[in-house]
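Full structure from sequences and hints, please.
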Amino acid sequence: MNVATLPPQEEIRTTPVSERLRKFFSAYGLWIVLLGLPVFYGIKDLQDEGDLSRLGNNLFAGLSNGAIWALIALGYTLVYGIIELINFAHGDVFMIGSFVAVGMWGTVGLALTTGTLGLIAGLLVTLIVAMVVCGTMNVMIERVAYRPLRSAPKLAPLITAVGFSFILQNVGIVWLGSSQKGVPDLIKAQHVLVSVAGIDIHNSDVLALAVTAPLVFLLTTFVNHSRSGKAMRATAQDPEAARLMGINVDTTISLTFLLGGLLAGAAGLVYALYQTNVWYFQGFTAGLIAFTAAVMGGIGNLKGAVIGGLIIGCIQQISDNRIGAQWTPAVVFAYLVLIMVFRPQGLVGEETREAG
Amino acid sequence: MRSRTIVATGCLIGGLAMGVSACGSDSNNNSSGSGASSGSSELTIYSSLPLQGTSREQSQAVINGEKLALAEVGNKVGKFTIKYVSLDDSTAQNPGTADEGQTAQNARKVVQDKSAIFYLGEFNSGGTKVSLPILNKAGIPQISPSNTYIGLTTNEPGSEPGEPNKYYPTGKRTYARVVPRDKIQGAALVTTMVEDGCKTATLWDDKTTYGAGLARNIEASAKAQNLTIQDRQGTDKSAANYRSLASNVKSDCFVWSGVTGENGVQVFKDVAAANTTAKLYGPDGVAEEAFTNPKKGGIPADVGARTKLTVATLGVKDLPDASGVLDKFKATYNTQTVDPYGIYGYETMALALDSLKRAGAKANDRTAVLAALFGTKDRKSIIGTYSIDPNGDTTLTDYGLYTIKNGLPSYEKKIVAQA
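Chains as they are written, first to last, in my numbering: chain A, 1 to 356; chain B, 357 to 775.
Rather than coming from a laboratory, the hints here were simulated on the basis of the structure.
Beta carbons are placed, not taken as given, at the ideal position from N, Cα and C, and that holds for glycine.
Since no wrong hints were added, every one of them can be taken at face value.
If you only want the chain A side, here are some residues facing chain B, beta carbon under 7 angstroms, derived: (1) S178; (2) G182; (3) N321; (4) G324; (5) A325.
The structure is reproduced here in structure tokens:
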């Protein structure tokens, strides 16, 4: 029988290097990942160009681009939070929002020659119409394709969502054809409004942030403080308990889809004005990015969706500008993987039934 | 945990959807033998072009030209009656270009038709990469009205490893084209930029077979002509915009090697906004109204004014022999303008019919027709006098330079490329 030899006390107290590294990365890994690209390129810019204006331009363009992704991501996260469904059709509802907006420009007579006041009035009308159409459509999709499957296995509504996504894409093809379609640049999207410390602020940046910020504020206020918002949160936590407490769960879920659709409609208009082109497939691409943003931020969490959208916008701009556009999707998803590794619940944390 | 499983499943479905849409079938299950002879007095000439999306108008021009040439001979060559069948190689989901799955389907359909004697297409080089091996196995002669990708016929710089032999599984050539290959177009674009005073250029391509191949030729020619390529990028069709990428364009000139359907309009808009002084250049892949006409979703007029395009077609003033055909074209199709590809469509069919005529009584024998096609020498045509070399390339080398006027490509002059 061998007698075990105990290591000296000093060795027990000394933590192995690998363990210390693991602890370090657990504590700071997420920050290293998030700040890696901007810090690296910031240092490089200071060395090469002597200032940070290039990085500033990247980040500001990223925020305005990301604001659109955030609006769409909110729709994904709202629906996921309440019924744990990835609404694949949501991106295509956003695409229909763009198409409705572009159609409305013609109806209300918006053109390149329209004056500023006429343009603002016309765009407001367009915004309302696009939001109402998309909100209504989202509610109808829920009523037709998801509600009958409420007690079915989880994969059933997932597949009907994919089905509705394809249906809407085909509606888009019939509507405006199957190629990217340039639309009038009503707001002179790339006109530099003002330059601050070498950072160019374009008309399109102002538009994206001016539409997104109030809508996000209104949404969070509604969800956090209104009676219906509380009903939404209660339903998200426990639908059965919410029902027992007198909440009409079906109506609450419909309301959630309505809110998601309204935001998608607004995002559709902003996208058309910002990018000056629309096409039937934009919803698929944007939907994938927005869903990634929602997961990155923490699925089911409104703040997470917004933060995820803004971060992805910044990563895309930095990658496009510094690494090469062909690498951008890989860089974005590498970020997603790393963030999930360090923080599986997303940056802000999940707000789902399982997550609590 | 369950929620994460659902999220993971969602990601998987999304990924699969992307994968499925990105992959086309290229299976090849034809059974016809090489050099088959129909033995029939009725022969069929197929055309396979993208009839949906941004290339629709150019494809229609090709079809009109082909039909006109066929109508001129009364749909007959010798004792043989010729039937014309137009196929669409694009799909609603993949418009404006050849969809790989649909193109393979078209080629297999033609292979199964014993009366098939010619296949006129594809419009896009990427499509021909798919249809050519299928048709080659069956020995069906193929002529493209528009392919310029170098690797379809030669292994010159700009081609990929294994090209062009991998497109000819029988080892025999069955493919020809009536437009000069991209070696010439690349040189034409660089020659134009140098003539316009460009010292530096930014080169982007759309990552298609055509776009990436042409870009390699532009790079090679730029090196030979002392034009510095400052930045070389590939663009993603589904990107929402290219603003961040465009902010790197600091050169005198910008050249896009791609087609309209790969988001070409957005590329030019973003580059023009980011660099307000750069001269802009594009190849024949964007020489269409969907790109040039702002009313049809094309680039804005101010961007068009800065843009020059190269097209394998010369203007009427440099094609004296084409005027008669152009008059017929206008009268037949009740149009004031003729898309340059209408002329090439006409010549594609005329070359096919000429080959059948030279095959004589053996015009229903694909082997004899192929011999006649590759025996084309000093053919006097509406696009000039040319021969088909053993690779299947035309001996024509002139390119046309176009500017954009009133939303349409407008011929300026002939470019004698410094290859």
